[in-house]
Amino acid sequence: MRWSRVIGLMVLVVGSAVGAYLGLRTPEGIHATASAQWSPDFGGPAGAIDGDPNSEWQTPNHETGWLEITIEPPVAMNHLRVLNGHNRQYNDRAIRSATIEVYNDGELARSFDPEWTEINPSPEWIEFDLGLDEVDRIRVVVNAFHSEGAALAELQWD
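For what it's worth, my numbering labels the leading residue of the sequence shown as 180, then goes sequentially.
Simulated from the structure, these hints should not be mistaken for laboratory data.
Just so you know, not all the hints are guaranteed correct.
To be verified - Okay, the calculated beta carbon distance ranges per label pair: (1) Pro252 <-> Ser301: 33 to 39 Å; (2) Glu297 <-> Gly208: 33 to 39 Å; (3) Glu294 <-> Gly208: 27 to 33 Å; (4) Thr296 <-> Glu242: 29 to 35 Å; (5) Asp220 <-> Leu287: 23 to 29 Å; (6) Ala323 <-> Ser301: 17 to 23 Å; (7) Ala323 <-> Pro252: 31 to 37 Å; (8) His241 <-> Asp312: 36 to 42 Å; (9) Glu286 <-> Ile209: 15 to 21 Å; (10) Gly310 <-> His241: 34 to 40 Å; (11) Asp312 <-> Tyr269: 25 to 31 Å; (12) Ser290 <-> Asn270: 27 to 33 Å; (13) Ser218 <-> Asp308: 18 to 24 Å; (14) Glu242 <-> Glu313: 31 to 37 Å.
Since the model is a prediction, treat every value here as computed from it, not as a measurement.
We put the beta carbon where it would ideally sit given N, CA and C, even for glycine.
Could you build the full structure based on these sequences and the hints that come with them?
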């Protein structure tokens, strides 16, 4: 009876450790999360990393917010390119100013504060030089927006 308790306790401890690891680890791949989005069906965070400049992450009306990209396993990143949004249906959303943070091996490595003076129906890419070896997270914090709210069309890197 004593051995069965010891074995049962060992199974419980190992099971708890495995469960904690699986529950707390970052899943493999590239994932986008955000503070919020314009609606449940539109403007989600994945729109900023899907390779389509016509899809966008959009904040709810009259709100700032943040977008976070996690990358597992980490990647080398020489350049980060940002394409501001504009909500092509109404041309009424764009980021006015943001803070972009790039994390290398879990530590803040670069920070940029781009500004856009207007909503541009044909936005142009802004490129930042990085030269980092193990980028695992990119965070975009919207400090101010134009008109109805913020929109970010794409983030790309190489």
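Please test the hint of 33 to 39 Å on the beta carbon pair from Pro252 and Ser301.
Between Pro252 and Ser301, where Cβ atoms are some 36 Å apart, the hint holds.
Cβ distance range 18 to 24 Å for Ser218 and Asp308, holds or violated
Given about 36 Å between the Cβ atoms, the range is violated.
Consistency of beta-carbon spacing, Tyr269 to Asp312, with hint 25 to 31 Å
This hint is violated: roughly 41 Å between Cβ atoms.
Using the C-beta atoms of Glu297 and Gly208, is the stated range 33 to 39 Å upheld?
35 Å Cβ-Cβ, so the 33 to 39 Å window holds.
Cβ separation of Glu294 and Gly208, checked against the hinted range 27 to 33 Å:
The hinted range 27 to 33 Å holds for Glu294 and Gly208, with Cβ atoms some 31 Å apart.
Consistency of beta-carbon spacing, Asp312 to His241, with hint 36 to 42 Å:
holds, 40 Å
For the pair Glu286 and Ile209, does the Cβ-Cβ distance stay inside 15 to 21 Å?
Since Glu286 and Ile209 have Cβ atoms about 19 Å apart, the given range 15 to 21 Å holds.
Between Ser290 and Asn270, is the Cβ distance one that fits in 27 to 33 Å?
holds, 29 Å
Cβ distance range 29 to 35 Å for Thr296 and Glu242, holds or violated
violated, 21 Å
Could you tell me whether the CB distance from Gly310 to His241 stays inside 34 to 40 Å?
holds, 38 Å
Hint check for Pro252 and Ala323 - Cβ pair distance inside 31 to 37 Å:
holds, 34 Å
I want to verify a distance hint. Is the separation of the beta carbons of Glu242 and Glu313 within 31 to 37 Å?
The hinted range 31 to 37 Å holds for Glu242 and Glu313, with Cβ atoms some 33 Å apart.
Hint violations for this structure: numbers 4, 5, 11 and 13, all remaining hints satisfied.
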